[in-house]
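Undergrad: Each chain is listed here by its residues.
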Amino acid sequence: DAKTTQPPSMDCAEGRAANLPCNHSTISGNEYVYWYRQIHSQGPQYIIHGLKNNETNEMASLIITEDRKSSTLILPHATLRDTAVYYCIVRVEVTDSWGKLQFGAGTQVVVTP
Amino acid sequence: DTGVSQDPRHKITKRGQNVTFRCDPISEHNRLYWYRQTLGQGPEFLTYFQNEAQLEKSRLLSDRFSAERPKGSFSTLEIQRTEQGDSAMYLCASSSGRGLNLYNEQFFGPGTRLTVL
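Taken in order, these protein sequences are the chains called W and G.
Following this note's numbering, the numbering of the first sequence begins with 92 at its first residue and continues without gaps.
Following this note's numbering, the numbering of the second sequence begins with -8 at its first residue and continues without gaps.
Extracted from the complex, chain W is given alone in its bound form (with noise of 0.2 Å):
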């Protein structure tokens, strides 16, 4: 599986929008991006994940560039409750992959008031 690079921490102000960059330039044409995070003192969450479009859904939009080779992780509207390590993984999904997942260190979001 592709390794994936991010930013250790970052900060955002709560109610704007927080931009999660992720780089993952030897990805494969068939590895997908996947993104969860981890609230302090709790199991990681999954987010979203995605192949090559543009995903969006109730947490989240994914925004992957043309080549693949990094993407972003939009949380429109972040709130205190977003602060936490946010993990971008990328991974292969195949019919019946049972799917083990390679963590990295994650990017630090602090949302501050």
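Simulated from the structure, these hints should not be mistaken for laboratory data.
Source: prediction; values computed, not measured.
Mimicking SDA-like on lysine to any residue, the simulated pairs with C-alpha atoms at most 20 Å apart in a straight line are: (1) K48(G) / P61(G); (2) K160(W) / P112(W); (3) K191(W) / G63(G); (4) K191(W) / E96(G); (5) K160(W) / G141(W); (6) K191(W) / S57(G); (7) K160(W) / Q193(W); (8) K191(W) / M80(G); (9) K5(G) / G76(G); (10) K191(W) / H20(G); (11) K62(G) / Q41(G); (12) K94(W) / G33(G); (13) K191(W) / S49(G).
Simulated DEER-style distance windows between Cβ atoms: (14) L108(G) / N148(W): 35 to 45 Å; (15) L171(W) / G31(G): 21 to 31 Å; (16) Q41(G) / I165(W): 28 to 38 Å; (17) Q8(G) / N148(W): 40 to 50 Å; (18) L30(G) / T170(W): 18 to 28 Å; (19) Q71(G) / L142(W): 39 to 49 Å; (20) T11(G) / A108(W): 44 to 54 Å; (21) D158(W) / L30(G): 28 to 38 Å; (22) L171(W) / T11(G): 30 to 40 Å; (23) N110(W) / S64(G): 39 to 49 Å; (24) L108(G) / E157(W): 48 to 58 Å; (25) T96(W) / K48(G): 21 to 31 Å.
Where a beta carbon is used, it is the ideal one built from N, C-alpha and C, also for glycine.
Starting from the structure of chain W, add chain G where the hints point.
TA: Relative to the frame of chain W, chain G by itself:
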């Protein structure tokens, strides 16, 4: 609460003692995973079960570690002769492994924090 539960939440033990952790996955999830997380790092995969079968073990899982999932329901992770380096958060996750979606998200429990003195 229908999420993944883990017990105990915290465990303090002395070096050389054996410890056992329990994970109860979401009901009817047939896939179960164990991860380990040390301070400042992301979780690292340890092992995976599909139903009662243990299908993969990481090289991190030394012979002092053993995991079981009898009857494909709850799982236990035992560490024998604990060492200080075993101090970490041990996370359990489950996923359904069914349905038309290729990806079935993993739902994580709150973890068991182990401290080896």
